[in-house]
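With these hints in hand, go ahead and build the complete structure from the sequences.
Okay, so the sequence shown: first residue is 8 according to the numbering used here, each after it adds one.
Just so you know, these hints were derived from the structure itself, not from any lab. Everything numeric in this text was worked out from a predicted model, so none of it was measured. Among the clues, some could well be false.
Claimed, not checked - Listed below are the simulated DSBU-like cross-link pairs for lysine-lysine, each with C-alpha atoms no more than 30 angstroms apart in a straight line: (1) K274 - K238; (2) K129 - K171; (3) K238 - K333; (4) K133 - K238.
As the list claims (entries may be wrong) - Now the in silico label distances, taken between C-beta atoms and shown as ranges: (5) S180 - G311: 25 to 35 angstroms; (6) R141 - S167: 31 to 41 angstroms; (7) P288 - G135: 26 to 36 angstroms; (8) F356 - K171: 18 to 28 angstroms; (9) P166 - D391: 45 to 55 angstroms.
We put the beta carbon where it would ideally sit given N, CA and C, even for glycine.
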Amino acid sequence: MSVSPLRFTSSVRVGDVARAVVARDTARARKFLAGTQPHGPIAHKTPELRRRGAVAGKDSHGDSRGHAQVNLADDGKVVDDTIDVTDAALIYTATVGVGSPPTDYALIIDTGSSNTWVGATKKYRKTGTSKETRNDVSVGYGSGSFSGREYTDQVTLSPSLTIKSQSIGVASSSQGFAGFDGILGYYFLLPVKAPYRLTQSPIRSIGPVDLTQGTIGGRTPVPTITDSLFKQGSITTESIGIFYQPSTSTGSIANGELTFGGIDSSKIVGDVNYVPITSTPRAGHYWGIDQSVTYGSSGESILGLTSGIVDTGTTLVLLATDAYQKYQQVTGATLDETNGYLTITASQFENLQSLFFNIGGISYELTPNAQIWPRSLNGQINGDKDSIYLVVGDTGKPSGQGLDFLNGFAFLQRYYSVYDVTNSRVGLAATPFTFAETN
8 MSVSPLRFTS SVRVGDVARA VVARDTARAR KFLAGTQPHG PIAHKTPELR RRGAVAGKDS
68 HGDSRGHAQV NLADDGKVVD DTIDVTDAAL IYTATVGVGS PPTDYALIID TGSSNTWVGA
128 TKKYRKTGTS KETRNDVSVG YGSGSFSGRE YTDQVTLSPS LTIKSQSIGV ASSSQGFAGF
188 DGILGYYFLL PVKAPYRLTQ SPIRSIGPVD LTQGTIGGRT PVPTITDSLF KQGSITTESI
248 GIFYQPSTST GSIANGELTF GGIDSSKIVG DVNYVPITST PRAGHYWGID QSVTYGSSGE
308 SILGLTSGIV DTGTTLVLLA TDAYQKYQQV TGATLDETNG YLTITASQFE NLQSLFFNIG
368 GISYELTPNA QIWPRSLNGQ INGDKDSIYL VVGDTGKPSG QGLDFLNGFA FLQRYYSVYD
428 VTNSRVGLAA TPFTFAETN
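Take a look at the structure:
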């Protein structure tokens with residue numbers, strides 16, 4: 008099946024939601040450290056499947072060069088698709104059509120949970136394709152929640168990516184989603200007939216997860232967006248490629264891209280390098296990888312080889328407390344008590360060196376420019392317009408906890424990322440913005 012990529016655009020939204028970034032990121036880290044709602048491939052695959060799938064450095068066609076090409080059908084035609092996502096300073100959204108004719112909703116993107124639902128701001132519009140299942144759905148996110156009913160409906164991601172009958176949640180009430188319509192989920196949503204409340208990590212969701220596997224005996228999870236695309240033959244691999252361009256504007260701009268079932272090779276420089284999901288218990292239940300972090304050309308150790316996660320729902324790069332303190336020491340940064348960010352002077356910025364994330368034998372560099380918050384967006388974090396803020400934060404726990412870092416937007420805006428359920432692995436690649444002087 009041949010699919011032509013089509014990009015979506017939605018409006019950037021900014022405001023008070025951006026001013027509690029550090030608190031929300033830290034709360035998210037606490038939930039992950041507590042093992043709340045695991046959502047990586049291991050969370051829904053058997054050990055046998057995970058061992059078969061976790062082959063580092065090979066793509067789904069056995070290419071040992073570590074470079075993933077766009078998925079092809081037997082006839083050689085492209086079978087994946089791409090949609091644009093929009094950066095609202097801190098939250099990325101995609102426009103998704105529901106119903107026939109479709110109503111467009113701005114849905115939040117995240118690798119951190121799984122439910123697809125609408126109705127937070129723009130109310131759900133029933134059409135001839137809408138069918139109520141009479142199942143209740145109630146989800147808590149830590150920084151938001153929704154409750155309502157499950158429906159099945161037609162979901163349109165692009166003219167060439169349409170799911171005829173897709174399970175979605177329709178909110179009758181929601182909190183914490185002002186200016187957004189809901190969440191675009193990635194793997195499973197389990198409806199419930201009795202009153203039941205899930206507890207998830209904070210908002211911004213597109214995680215490949217079986218969120219409720221085993222919570223209600225005998226019930227089968229309902230497939231969501233990516234699973235449905237895979238089952239109907241629209242994509243050949245249950246994976247998603249995500250491209251984020253660094254944010255520098257509060258205007259309306261489409262500066263991210265979501266590719267279901269493969270990658271967009273036009274957005275990468277060089278190869279996609281894959282690593283298996285880590286076997287470390289805490290991190291391994293999410294999109295967990297192993298890495299070490301060093302600073303500068305001398306390779307000064309900030310964080311020894313340990314496990315953590317790649318997470319689009321986290322804004323900053325969070326390091327275990329001892330690593331965070333070491334980073335603060337080598338940079339000379341001080342804490343801004345107003346917003347919780349580390350800040351440095353202009354002269355310290357001139358001396359700032361690169362931070363290196365060593366993953367699977369590959370070194371991923373965050374240049375000095377990539378380590379600072381975009382100065383044009385200082386107002387969005389309640390910061391002084393002339394100050395220089397760093398994007399490295401504290402998990403709030405010492406290293407050795409089984410989840411010692413979260414590579415969030417600040418990292419992912421410089422590297423293309425791939426979340427591959429089929430092969431239980433994470434892929435990373437450089438982009439044209441890896442070394443850009445945007446901030």
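Evaluation of the provided hints:
1. For a cut-off of 30 angstroms, the pair hint linking K274 to K238 stands: about 27 angstroms separates their Cα positions.
2. A hinted pair counts as satisfied when its Cα atoms are at most 30 angstroms apart, and K129 with K171 qualifies at roughly 22 angstroms.
3. With a C-alpha separation of about 47 angstroms, the suggested pair K238 and K333 falls outside the 30 angstroms cut-off, and the hint is violated.
4. Between K133 and K238 the alpha-carbon distance is near 25 angstroms, which keeps this suggested pair within the 30 angstroms criterion.
5. In this structure the supplied range 25 to 35 angstroms is violated for S180 paired with G311, their Cβ-Cβ distance being about 46 angstroms.
6. Checked against the hint of 31 to 41 angstroms, the C-beta distance between R141 and S167 comes to roughly 32 angstroms, which is consistent with it.
7. For the hinted restraint 26 to 36 angstroms between P288 and G135, the CB-CB distance of approximately 48 angstroms leaves it violated.
8. Restraint check, F356 to K171: a C-beta distance of roughly 53 angstroms breaks the suggested window 18 to 28 angstroms.
9. For the hinted restraint 45 to 55 angstroms between P166 and D391, the CB-CB distance of approximately 46 angstroms keeps it satisfied.
The structure shown violates the earlier hints numbered 3, 5, 7, 8.
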